[in-house]
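**Student:** So the protein lines, in turn, are chains A and B.
Residue numbers for the first sequence follow numbering that gives the first Met the number 0, so the first one is 0 and each next one is one higher.
Residue numbers for the second sequence follow numbering that gives the first Met the number 0, so the first one is 0 and each next one is one higher.
In short, the hints are calculated from the structure, not lab data.
Hints should not be assumed to be uniformly reliable.
[As the list claims (entries may be wrong)] Only pairs whose alpha carbons sit at most 30 angstroms apart, straight line, appear in this in silico DSS-like list of lysine-lysine:
| hint | chain 1 | residue 1 | chain 2 | residue 2 |
| --- | --- | --- | --- | --- |
| 1 | A | K117 | B | K21 |
| 2 | A | K80 | B | K48 |
| 3 | A | K116 | B | K90 |
| 4 | B | K90 | A | K75 |
| 5 | A | K77 | B | K53 |
| 6 | B | K67 | A | K77 |
| 7 | B | K53 | B | K90 |
| 8 | B | K21 | A | K80 |
| 9 | B | K21 | A | K75 |
| 10 | A | K75 | B | K48 |
| 11 | A | K116 | A | K75 |
[As the list claims (entries may be wrong)] Negatives, chain B to chain A, calculated, CB over 12 angstroms:
| hint | residue |
| --- | --- |
| 12 | F4 |
| 13 | D38 |
| 14 | A45 |
| 15 | T70 |
Ideal placement from N, C-alpha and C gives every residue a C-beta, glycine not left out.
Here is what each chain is made of, one letter per residue.
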Amino acid sequence: MRLEYFQMVDRIVALDPGAWTVRADCVVPDASPVFEGHFPGHPLLPGVLMIETMAQTGGWLVLAVLRFQRMPFLAKVKEAKLRAFVVPGQVLQAEARLLHDGSGYAVVAGSISSDGKKVADAEITYRVVPFPNDTLRAQMLDTARRVAVPEAFLHG
Amino acid sequence: MSSTFETVAGIIAETCDIPREKITPDSHAINDLGIDSLDFLDVAFAIDKAFGIKMPLEQWTQDVNEGKVSTDEYFVLGNLCANIDRLVAAKAA
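The task is simple: from the sequences and hints, build the whole structure.
**Tutor:** Here it is, written out as structure tokens:
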């Protein structure tokens, strides 16, 4: 994870667009400017970044299902539960399951676990729209390769 | 259509916290009931799930934006339910 760049997902370790599932590894950095403020003397991964981690993990799944022809933008977070504190250096596994591939929207169930224990979960809705420009699509494809989204899922 | 309307009205009442008695087949989801686009995503998700369909919202939006139809065609609930019935019938065919 590079928190200050909103790079929450380190590596996609399992992705099955046919089964509508994804799993990703995310390692909380030992140090980040984020921890200087959240909180001084007691660093914790902010809950909003746990939600962002689930949203990005599910986002990679939606992108793969749609073969990167459209972009999911976070629209709604329902019943987010932050069940445990997450600290610097902690190893996280994020998972998402696509609940519905709607017309212009998608809904996923996301969760984060650490050492086999669930630390967060939420239902996440995205607006799914054409890429607003080629720059963003190219950047998303570059990032997809960095986090090891299989090449076969990058193109229609 | 009447059972479709009852299901849709129930979904809207629960999802958007609108009193059920205010929801009629003549209600316009946006103009009369004040449902915004984000709440309508929730309604669409619940309708898609309840009827096992995928409402073509993007096509409907395009039709409205291109002036082919008015929003009444898709957002007046009686019309919406007729469209849902057509989608259900097409799926079963």
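**Student:** Hint by hint, note whether the structure agrees.
**Tutor:** Right, here's what the structure says about each hint:
{"no.": "1", "hint": "K117(A) to K21(B)", "in the structure": "violated (42 angstroms)"}
{"no.": "2", "hint": "K80(A) to K48(B)", "in the structure": "holds (24 angstroms)"}
{"no.": "3", "hint": "K116(A) to K90(B)", "in the structure": "violated (41 angstroms)"}
{"no.": "4", "hint": "K90(B) to K75(A)", "in the structure": "holds (29 angstroms)"}
{"no.": "5", "hint": "K77(A) to K53(B)", "in the structure": "holds (21 angstroms)"}
{"no.": "6", "hint": "K67(B) to K77(A)", "in the structure": "violated (35 angstroms)"}
{"no.": "7", "hint": "K53(B) to K90(B)", "in the structure": "holds (10 angstroms)"}
{"no.": "8", "hint": "K21(B) to K80(A)", "in the structure": "violated (33 angstroms)"}
{"no.": "9", "hint": "K21(B) to K75(A)", "in the structure": "holds (26 angstroms)"}
{"no.": "10", "hint": "K75(A) to K48(B)", "in the structure": "holds (18 angstroms)"}
{"no.": "11", "hint": "K116(A) to K75(A)", "in the structure": "holds (25 angstroms)"}
{"no.": "12", "hint": "F4", "in the structure": "holds (21 angstroms)"}
{"no.": "13", "hint": "D38", "in the structure": "violated (10 angstroms)"}
{"no.": "14", "hint": "A45", "in the structure": "violated (10 angstroms)"}
{"no.": "15", "hint": "T70", "in the structure": "holds (16 angstroms)"}
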